Amino acid sequence: MKKEVGLLMTLLTVGALAACSSGDTDETQASTSTSEQISTQTSESMTMSNTSTEMTSSTSDMDNENEASSGMDVANVFDQLAEAFPNLTLPTKVPVGEGKIVNAATDGDDSDLSILYYGLDQQLAVNDKALNNETAMAGYKTKVYDSAEDAAAAVNVTADEGGQEVDLGHGITGHSQGAAGSTYLSWQEGNWSLTVRGVNQEEQDPTSQAKEVVEYLEENMLPVPDVGQITIDMGQDDYLATTVVWQDDERVYTVEHQEAISALEMAVSMNQ
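When the letters of the sequence shown are read in order and numbered with mature numbering (1 follows the signal peptide of the UniProt record, and there is no 0), they come out as residues -18 to -1, 1 to 254.
Hints were generated in silico from the structure; no laboratory data involved. Any given hint might turn out to be false.
As the list claims (entries may be wrong) - Cut-off 30 Å, straight-line C-alpha distance, at most; resulting in silico cross-link-like pairs (DSSO-like, lysine-lysine): (1) LYS82 / LYS123; (2) LYS82 / LYS193; (3) LYS193 / LYS111; (4) LYS111 / LYS75.
From a predicted model like this one, the values you see are computed outputs, not experimental measurements.
Please put together the full structure from these sequences, using the hints given.
If you want it as structure tokens, here you go:
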């Protein structure tokens, strides 16, 4: 009987040990599985983090490229126009006021072109829409006519040697006469005819303006025209106040500016 009890106790002990061993194995397997899951999740998280970093870096690069593009300098207006109209003679100087930058809008082609010039605080591309809200300070035109005769007629020379003689200096004599509340002073220099109009009511004296023009032209050479006309209207305050127009065979050039000497500077720059 004691032997049977001892045998029974031995069997029970072995069974208990086996059960404990099995439980430890299951716990170890579960722990290992959990560790593997955590490791996998950590790896995935790191991968997502790296991907996010790469996307952020890529977005930053694109932003930098856009900023660089928007900050690019626009070529000065004279270079822009020369590139657009390489076969034309264009002004290389357009006075628009101290500290201002020349901008331009164009209309037409090589055979019939108009350009308006503006003085702004920044350089814009030619024909920028922002120019629609600005006031032009100067203008340029060129047109090809069917014949030289038609071109000469378009210049519309208004030489007049009637009226009182006026000494303009440098051996040049002008002729002054009044009409319709204005005083006109005209003179000739080579193939150029010049006229200055002053408004009597505003006590404008064309003589002082004419002498300033004569003095300037003693030191600066205008283009040599077939015929040419310079008209200075002291009673006008927009860019049409001074007009310089001349014929070159079948083509006619015109420059306009609200200041007389500035208009001459534009024309002289086309003779460089």
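Tested hints:
Under the criterion of a C-alpha separation no larger than 30 Å, the hint pairing LYS82 with LYS123 is consistent with the structure, at around 22 Å. This hinted pair checks out: LYS82 and LYS193 have alpha carbons roughly 28 Å apart, not beyond 30 Å. In summary, the hint linking LYS193 to LYS111 is not supported, as the alpha carbons are separated by about 40 Å, beyond the 30 Å threshold. For a cut-off of 30 Å, the pair hint linking LYS111 to LYS75 stands: about 23 Å separates their Cα positions.
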